[in-house]
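Take 99 as the starting number for the sequence shown in our numbering and just add one per residue.
Warning: the hint list may mix true and false statements.
To be verified - Lysine-lysine pairs mimicking PhoX-like chemistry, simulated, CA-CA at most 25 Å apart:
#1 Lys196 x Lys109
#2 Lys100 x Lys178
#3 Lys100 x Lys196
#4 Lys220 x Lys196
#5 Lys220 x Lys192
#6 Lys192 x Lys178
Said to hold, decoys possible - So the derived label-pair ranges between C-beta atoms look like this:
#7 His222 x Val257: 30 to 40 Å
#8 Asp283 x Val261: 17 to 27 Å
#9 Ser330 x Gln304: 31 to 41 Å
#10 Thr179 x Pro309: 44 to 54 Å
#11 Asp301 x Leu231: 36 to 46 Å
#12 Lys215 x Asp283: 45 to 55 Å
#13 Val257 x Lys192: 19 to 29 Å
#14 Arg250 x Gln313: 20 to 30 Å
#15 Cys246 x Val218: 36 to 46 Å
#16 Leu170 x Val218: 24 to 34 Å
#17 Thr291 x Asn202: 51 to 61 Å
#18 Gly271 x Thr179: 44 to 54 Å
#19 Arg204 x Gln239: 36 to 46 Å
#20 Gln310 x Ser206: 46 to 56 Å
Since the hints were made in silico from the structure, they are not lab data.
As the structure is a prediction and not an experimental result, all values here were calculated from the model.
Note that CB positions come from ideal geometry on N, CA and C, so glycine has one too.
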Amino acid sequence: MKCVVIGGNVKVLGKAVHALSRIGDELYVEPTENGLSLRAVNSSRSAYACFLFAPLFFQLYEAGGPDAHGELFRCKVLMKTFLAIFRSLPSLEKTVSKCLISLNPRASRLVVQLHYKYGVTKTHNLSFQECELLQAIFDKQLCTSTLCASARVLVDAVVHFPVTLAEVTLGVGPSGKVSLRNYVDEETEPSKTMVTELCLSEDEFQDVRVPQETQVTFCLKEFRGLLSFAESSNLPLSIHFDTPGRPAVFSLEDPLLEVHLVLATLADSNASSQAQTANGACHKCAADEDFAVDDLESYMIAMETTTVPLPVLWVSADTVAGQSSPYSQPRGAGRGQ
Numbered sequence: 099m100k101c102v103v104i105g106g107n108v109k110v111l112g113k114a115v116h117a118l119s120r121i122g123d124e125l126y127v128e129p130t131e132n133g134l135s136l137r138a139v140n141s142s143r144s145a146y147a148c149f150l151f152a153p154l155f156f157q158l159y160e161a162g163g164p165d166a167h168g169e170l171f172r173c174k175v176l177m178k179t180f181l182a183i184f185r186s187l188p189s190l191e192k193t194v195s196k197c198l199i200s201l202n203p204r205a206s207r208l209v210v211q212l213h214y215k216y217g218v219t220k221t222h223n224l225s226f227q228e229c230e231l232l233q234a235i236f237d238k239q240l241c242t243s244t245l246c247a248s249a250r251v252l253v254d255a256v257v258h259f260p261v262t263l264a265e266v267t268l269g270v271g272p273s274g275k276v277s278l279r280n281y282v283d284e285e286t287e288p289s290k291t292m293v294t295e296l297c298l299s300e301d302e303f304q305d306v307r308v309p310q311e312t313q314v315t316f317c318l319k320e321f322r323g324l325l326s327f328a329e330s331s332n333l334p335l336s337i338h339f340d341t342p343g344r345p346a347v348f349s350l351e352d353p354l355l356e357v358h359l360v361l362a363t364l365a366d367s368n369a370s371s372q373a374q375t376a377n378g379a380c381h382k383c384a385a386d387e388d389f390a391v392d393d394l395e396s397y398m399i400a401m402e403t404t405t406v407p408l409p410v411l412w413v414s415a416d417t418v419a420g421q422s423s424p425y426s427q428p429r430g431a432g433r434g435q
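Please model the entire structure based on the sequences and the hints provided.
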């Protein structure tokens, strides 16, 4: 695999890595014919994110040939080592003119080369580990409720919550009013808890399709990471959700980039403690939270931040919608040019 990113798209790539670093400790790299996929999952498998960069995002993109079994090579690297390369986003924009990423299975190294202005080049050789496909299974079209809004609207809303807040509750009333409030455990005494709630009118959203009053609770940390990326990219954010306990899907779509964030939501307190079937996928508890093995058939359904069960849903990416892109499309960009 070999790809070249130039200009402002280097910073876009860096921001994507920053968003993924809020999810997990490992970065999954998979070159495909549809583009370069970067993915992450947290240790309890209650949060999953995928950034798919289309071939036209790059000045040069070569996915590489398949192996003897007809599969493209995929690997994972430590997130902190990859993040260190893109640590300073302002510096990337001002000093880096080109980024070259190459993956050679025989060399056992993922090479990231930053070409700075004035002829300086930095080469990072990262160790990697071969891995199985990290693929989530979902169909957001099966979600009964959909919201779509400018990322700025949601950023202005969550800024009122402290950075230490673990979970936030998104609620939608029958009149279309959307609310965000900090999650308070049922066992907590109301008199000893401060509740922050913000209400947004339907006019602030581009699309509100909620058949009945509902609310879902999910982790705020991962949501903040996606919001930061969405705001900088100036793309609308779509939220697809269902009843409590079923996963919420957050999506950004662009001709050059597709992003999916899937977060487990708190199950209803009256729900059974057994794992539930969500969107047609059956899940069972894993006895170990360690994510050293790529076993996608056993899932943890409890978040470390709460004792309420959180079913997890793994998703597959949809096709990119055809619309104008805020990202630069290099001349002659595409596969193998």
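Quick rundown of the hints versus the structure:
1. A hinted pair counts as satisfied when its Cα atoms are at most 25 Å apart, and Lys196 with Lys109 qualifies at roughly 10 Å.
2. Taking the CA atoms of Lys100 and Lys178, the gap is about 22 Å. The hint holds against a cut of 25 Å.
3. Using a Cα cut-off of 25 Å, the hinted pair Lys100 and Lys196 holds, with the two alpha carbons roughly 13 Å apart.
4. Note on Lys220 and Lys196: the hinted pairing holds, with a Cα-Cα distance of about 11 Å set against a maximum of 25 Å.
5. The straight-line distance between the Cα atoms of Lys220 and Lys192 is roughly 15 Å, inside the 25 Å bound, and the hint therefore holds.
6. Taking the CA atoms of Lys192 and Lys178, the gap is near 23 Å; set against the 25 Å cutoff, the hint holds.
7. Taking the beta carbon of each, His222 and Val257 are about 34 Å apart, inside 30 to 40 Å as hinted.
8. Between Asp283 and Val261 the CB atoms are about 19 Å apart, so this pair conforms to the stated range of 17 to 27 Å.
9. Look at Ser330 against Gln304: about 19 Å separates their beta carbons, and that is not inside 31 to 41 Å.
10. Restraint check, Thr179 to Pro309: a C-beta distance of roughly 46 Å satisfies the suggested window 44 to 54 Å.
11. The hint said 36 to 46 Å for the Cβ distance between Asp301 and Leu231, and at roughly 42 Å that hint holds.
12. At roughly 52 Å, the beta carbons of Lys215 and Asp283 sit within the given window of 45 to 55 Å.
13. About 27 Å separates the C-beta atoms of Val257 and Lys192, a value consistent with the hinted range of 19 to 29 Å.
14. Remark: the range hint 20 to 30 Å for Arg250 to Gln313 is upheld by a beta-carbon distance near 23 Å.
15. Judged by the Cβ atoms, the range 36 to 46 Å given for Cys246 and Val218 holds: they are separated by roughly 43 Å.
16. For the hinted restraint 24 to 34 Å between Leu170 and Val218, the CB-CB distance of approximately 32 Å keeps it satisfied.
17. For the pair Thr291 and Asn202, the beta carbons lie near 55 Å from each other, so the given range of 51 to 61 Å is met.
18. Distance hint check: the CB atoms of Gly271 and Thr179 are about 46 Å apart, consistent with the given range 44 to 54 Å.
19. The supplied range of 36 to 46 Å is met by Arg204 and Gln239, whose beta-carbon atoms lie about 42 Å from each other.
20. Separation of Gln310 from Ser206 is about 54 Å and conforms to the stated range, judged on CB atoms against 46 to 56 Å.
Checked against the numbered hints listed earlier, the structure breaks hint 9 alone; every other hint is satisfied.
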